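> Residue numbers (my numbering), protein chains in the order written: chain A, 1 to 168; chain B, 1001 to 1518; chain C, 2001 to 2427.
Because the hints were derived from the structure by calculation, they are not lab data.
Some hints here could point you the wrong way.
[Unchecked claim] Restricting the straight-line Cα-Cα distance to at most 30 Å, the calculated cross-link-like pairs of lysine-lysine (DSBU-like) are: (1) B/Lys-1166 - C/Lys-2184; (2) A/Lys-29 - C/Lys-2184; (3) C/Lys-2020 - A/Lys-18; (4) C/Lys-2033 - C/Lys-2047; (5) C/Lys-2222 - C/Lys-2191; (6) C/Lys-2018 - A/Lys-29; (7) C/Lys-2098 - C/Lys-2074; (8) C/Lys-2018 - C/Lys-2005; (9) B/Lys-1020 - C/Lys-2191; (10) B/Lys-1085 - C/Lys-2191; (11) A/Lys-159 - C/Lys-2074; (12) C/Lys-2222 - C/Lys-2024; (13) B/Lys-1310 - B/Lys-1333; (14) B/Lys-1085 - C/Lys-2024; (15) C/Lys-2023 - B/Lys-1067; (16) C/Lys-2150 - A/Lys-29; (17) B/Lys-1137 - C/Lys-2132; (18) A/Lys-29 - C/Lys-2310; (19) C/Lys-2222 - C/Lys-2020; (20) C/Lys-2297 - A/Lys-159; (21) A/Lys-29 - C/Lys-2279; (22) B/Lys-1085 - C/Lys-2361; (23) C/Lys-2023 - C/Lys-2074; (24) C/Lys-2005 - C/Lys-2297; (25) C/Lys-2018 - C/Lys-2150; (26) B/Lys-1006 - B/Lys-1067; (27) C/Lys-2098 - C/Lys-2033; (28) C/Lys-2361 - B/Lys-1136; (29) B/Lys-1166 - C/Lys-2361; (30) C/Lys-2184 - B/Lys-1067; (31) B/Lys-1020 - C/Lys-2070; (32) C/Lys-2033 - C/Lys-2023; (33) C/Lys-2297 - C/Lys-2234; (34) C/Lys-2222 - C/Lys-2074; (35) C/Lys-2222 - A/Lys-159; (36) C/Lys-2018 - B/Lys-1085; (37) C/Lys-2191 - C/Lys-2023; (38) A/Lys-29 - B/Lys-1166.
None of these values were measured; they are calculated from a predicted model.
Chain by chain, the residues run as shown.
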Amino acid sequence: MSDRSELISTGKPFSFDKKRDAAFEQLSKRYPTRESLILPALWLTQEQEGWVCQEAIAYIADRIGTFASKVYEAATFYTMYHLRPTGRYHICVCRTLSCWLRGKQEIVDYLRNELSLTPGMVSEDGRYSLEEVECLGHCGSAPVVQLNGEFHEDMDVEKLKALLASLQ
Amino acid sequence: MADMVKLFVNGVEVEVEAGKNLIDAIGAVGIEIPHLCYHPALGADGNCRMCLVGIEDGRPPLVPACKTPAMAGMKVLLDAEHIRKIQRDVMELELINHPTDCPVCDQAGECRLQDYYMSYDRRQSRMTVPQVVKGKKMAFGCGVVHDQERCVLCGRCVRFCRQITKTGELGIINRSDDARVNIFPGRPLHNRYALNVVDLCPVGAMTSADFRFQQRVWFLKKSPGVCHGCARGCSITVDHNREKEQEARIYRLRPRHNPLVNGYFICDSGRMSYKAEEEGRLNEARHGRLARSVDQALLAVAEDLAQGGKITFILSPDSSLEQMVTIRALAEKLGATLSGFSDGWIIPGDGDDFLIRDDKAANRAGLELLGIDCSRTGFTAAVEAADLVVNCNNDLGRSLSAEELGQLFQSRRLISFASHRREIDNQAEIVIPVASWSEYAGSVINCQGILQHFPRAVVRNQPPMELVELIARLGSPLQSEADCWQELARLPGLPADPATIPTEGLQLNDNEAAHDQP
Amino acid sequence: MEEVKILSAKFAIKDAHKLKVAKKHGAYATLDKLFAMAPVDVIDEVKRSGLRGRGGAGFPAGVKWGFLPKDTGKPVYLAVNSDESEPATFKDRYILVKDPHLLIEGIIICSYAIGSHDTYIYIRGEYTTQVKALQAAIDEAYKAGYLGDKVAGQDYRIDVTVHRGAGAYVCGEETALLESIEGKKGQPRAKPPFPAVAGLYGCPTIINNVQSIASLPYILDKGADAYRAYGTEKSSGTHLFGISGHVERPGMYELPLGLPLLEVIDTIAGGVWKGRKLKGVIPGGSSTPVLLPEEAKTVTLDYESMAAHKTMFGSGGIVVLDETVDIVALVKNLIDFYHHESCGQCTPCREGLGWMLKLIKKILRGEGSPADIDLLRELCDNIEMKTVCVLSAACTMPVRSYLDKFRPEFEAYVTKTNASPAGLQQE
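All chains should be modelled from the sequences, with the hints used to inform the complete structure.
Right, here's the structure in full:
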């Protein structure tokens, strides 16, 4: 993995919106300890904001009643938490074994060369971000791409072009 | 007495404490099992893998010694080639991303990696690819400076802040070889024991901003001492040195393991209290406005005492038992009154449930044991009735305002024996500098009723006179340390010879000495 | 040779993930029988079935349940391992999406057998759509009274909570999974204590893979003997095999254990794609040592045959490598994965995998020397089994197999006879 220690501060206080607040309270009944809420709370944050800022980590720690260092640990350990904003379309290309064997590199190269996307970066217009991720569990339909969480299987450059063209 | 069991280490039978983990059990009989992450105060974590040992006929064949309790008949393998190889291999892996900047590292000389490299590795580096780059010189708060590259991720500092101080400022973030210790932004170390992470760190990853680059540790003389920062009286090591043609200097205080008193730790204010031994010291004797030699000033004091009249001696709750008893003896001889008034040394609510006590005096229990009145009323009455007051290094400014002190001593003669410059002493006719706790040997009783004796640590170029000697020269019947102890031994539970006091101290049976309030 | 449909019986049925449809096809039909049995009899039946944990280690499920201490006064937890993150493994996903009620029914059976009332399903974070499907099914099951205070009208409470991971392979290790449910980093715990004694929240805990749990309704319904009719003596039943890589028809196939590996590749998966030759087979997920075509000839798909060929059944994720595969680049891909996923806890794995990655990259760049290959090989030995969990071994075991079986390919890189920049492109 790469270093994820640098957090982004928005300078604004964070709190759950009504929907996430209710979800958080519901979840708190499902676990015997408050700390079990760390992962779910980070997910709720990401669902709400699209990413997890420094203020959100502090908020979660205080809301749960645990050390900020523990939430910070979880947020940096689990790589699916976005610690910076993603593009409007976040493209994850699986880079692991079966997808690698079946041509994931062509897809990555297309995105790099044709769309000038760099893994880990957001395009200048904020439209796309690219991430090469580890195994997505769709090896039988490799290579696989996840676009904003939706799976697209048996991909190739042509299908990718069509997919990107279908986006508004 | 703990249950003992016999087991075999490298085929040799040893008797060890049952149930203890192998590192501690076997370590107690002098056999080292290398380890980085395990610390007796923080428990076993098992992440460093340096303590893997073989258990013959056992399953699994390799176990972490830190997590394996000693059991009868166990056959522990430490020197087998495959175990030595593991130790070498783990050391190699500990070192591949280590900067090996020992020449500029404060830990050099007391570094586990250095020591273990010599004991278990001693090979050329095979690292031909770039090292992982991490953060340097990170200010973690409370005077702790962190170097992520030197860190071996043992997690002792993290566990200390979570388990001991329960403040949890530190965490190990990221994973893989990108893992590193960090604080959450804006929430730095904020606890009164933070500098213990510097001692806990087995390598040079945690350093003290105060001590950094001040002295190579191998130049330091290490003297056992007792912290005088509060009534806990933590066992410490006074690290000091006199550089060529310089004044002797204390560079740092460190906790000295004492299971009865402070375990492995001390508080930060105690640790930094060495600065008071170096700063604000009273260096010159004076009589009236004139500087005098100590001998001259002492002669003047002796004359004053011989004049008769009502005399009151004020004792300090920080003084040693020896000092107290010799002053008491002189006072009795002169028919003088005694007061140990020091209310201001007690800061209600400042203590905690770990080490720090409300009472900032190191030996209040000693005053009580010697039956010396500490009440404010007793103090006021004694001072008001006195023609001459002799203050034996009690910082009265802690207990009374300058105004109160001014009024009290306006029309009263005051003689001060003081280790530090204090405002009250401006009112004294005669002032004589005396040694502070790091400069004399003595004994104190802590808040738990534990008697500890400490030797003289620092010898200044011009050593200030020790109170016991000074009082002896003024005619105390107790003329030596031995005399003091002959007198002290008459008290219940006290030995006749301080040399017989164990290093961890002696729990006095006299429960009155123990006032275990926070 | 053809597929069997035990676990996948409802996969082809439209909308079988919906309770109404699933019920029509037999979902929850075993519950009457279940609650009429004593829990110990359920355990015995599962023991007799020979069902082995389908997560990769292959430990007999019923035996594992038997490790639970009796009457501790503490709750017993069931944790369902749906992390399936071993590269080339994609079987549980089908159950989650196509027949989630089969899993829930299995959870009820297991819970009753082990005396548990609280289940946590740990599902990998990447399974975005799958988690929705699973949660929808759980919600339906609650509504229909299959979960909640009175399961199927019985005086037995079962609550099921889905706990979502967030991108960490290591959480498939059972104690890392527990740590993750507890809100911590997924760092495996030292054993002992074993989870059956002190697991989730310090309480007795059984952790089973999705496929293992989903096998329970069939065993209970048809009996252990019917289950044992499939597979081999020691590797009974069926398995959801995932076949990926260079084959004509990659995908998930339910097969009895014990079938010949190459025959399965040829007949079920259509053989090596594009008419190419076979270079090697990874038999059970990326962490299992590779088999050369020669070796693969005699391998059957069961735990014993794999062990006899010095590899492992693993998760049943078969990867076929055709003749064009650059083994050195493949090894870099593998080390990259395991390095990325190392939890960072134990020194050998944390530091060692990073070193191995840098070495293989150096070799790929054509900057390596024969000594680097030797060092890489030596590091496999130095790191393996020196750690709390087996993640490092999951990397070193296969890497060692490639180094030993394809050594000339590595040598070609360091003697510069192989100018292929294949590896370089991927950095």
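> It remains to establish, for every hint, whether it holds in the given structure.
Structure-based check of each hint:
| no. | hint | verdict |
| --- | --- | --- |
| 1 | B/Lys-1166 - C/Lys-2184 | 17 Å, holds |
| 2 | A/Lys-29 - C/Lys-2184 | 18 Å, holds |
| 3 | C/Lys-2020 - A/Lys-18 | 33 Å, violated |
| 4 | C/Lys-2033 - C/Lys-2047 | 18 Å, holds |
| 5 | C/Lys-2222 - C/Lys-2191 | 36 Å, violated |
| 6 | C/Lys-2018 - A/Lys-29 | 26 Å, holds |
| 7 | C/Lys-2098 - C/Lys-2074 | 35 Å, violated |
| 8 | C/Lys-2018 - C/Lys-2005 | 19 Å, holds |
| 9 | B/Lys-1020 - C/Lys-2191 | 18 Å, holds |
| 10 | B/Lys-1085 - C/Lys-2191 | 23 Å, holds |
| 11 | A/Lys-159 - C/Lys-2074 | 54 Å, violated |
| 12 | C/Lys-2222 - C/Lys-2024 | 18 Å, holds |
| 13 | B/Lys-1310 - B/Lys-1333 | 13 Å, holds |
| 14 | B/Lys-1085 - C/Lys-2024 | 62 Å, violated |
| 15 | C/Lys-2023 - B/Lys-1067 | 50 Å, violated |
| 16 | C/Lys-2150 - A/Lys-29 | 18 Å, holds |
| 17 | B/Lys-1137 - C/Lys-2132 | 46 Å, violated |
| 18 | A/Lys-29 - C/Lys-2310 | 47 Å, violated |
| 19 | C/Lys-2222 - C/Lys-2020 | 22 Å, holds |
| 20 | C/Lys-2297 - A/Lys-159 | 37 Å, violated |
| 21 | A/Lys-29 - C/Lys-2279 | 53 Å, violated |
| 22 | B/Lys-1085 - C/Lys-2361 | 27 Å, holds |
| 23 | C/Lys-2023 - C/Lys-2074 | 34 Å, violated |
| 24 | C/Lys-2005 - C/Lys-2297 | 26 Å, holds |
| 25 | C/Lys-2018 - C/Lys-2150 | 21 Å, holds |
| 26 | B/Lys-1006 - B/Lys-1067 | 19 Å, holds |
| 27 | C/Lys-2098 - C/Lys-2033 | 25 Å, holds |
| 28 | C/Lys-2361 - B/Lys-1136 | 27 Å, holds |
| 29 | B/Lys-1166 - C/Lys-2361 | 43 Å, violated |
| 30 | C/Lys-2184 - B/Lys-1067 | 21 Å, holds |
| 31 | B/Lys-1020 - C/Lys-2070 | 28 Å, holds |
| 32 | C/Lys-2033 - C/Lys-2023 | 16 Å, holds |
| 33 | C/Lys-2297 - C/Lys-2234 | 21 Å, holds |
| 34 | C/Lys-2222 - C/Lys-2074 | 33 Å, violated |
| 35 | C/Lys-2222 - A/Lys-159 | 45 Å, violated |
| 36 | C/Lys-2018 - B/Lys-1085 | 58 Å, violated |
| 37 | C/Lys-2191 - C/Lys-2023 | 41 Å, violated |
| 38 | A/Lys-29 - B/Lys-1166 | 26 Å, holds |
Violated hints, listed in ascending order, are 3, 5, 7, 11, 14, 15, 17, 18, 20, 21, 23, 29, 34, 35, 36 and 37; each of the other numbered hints is respected by the structure.
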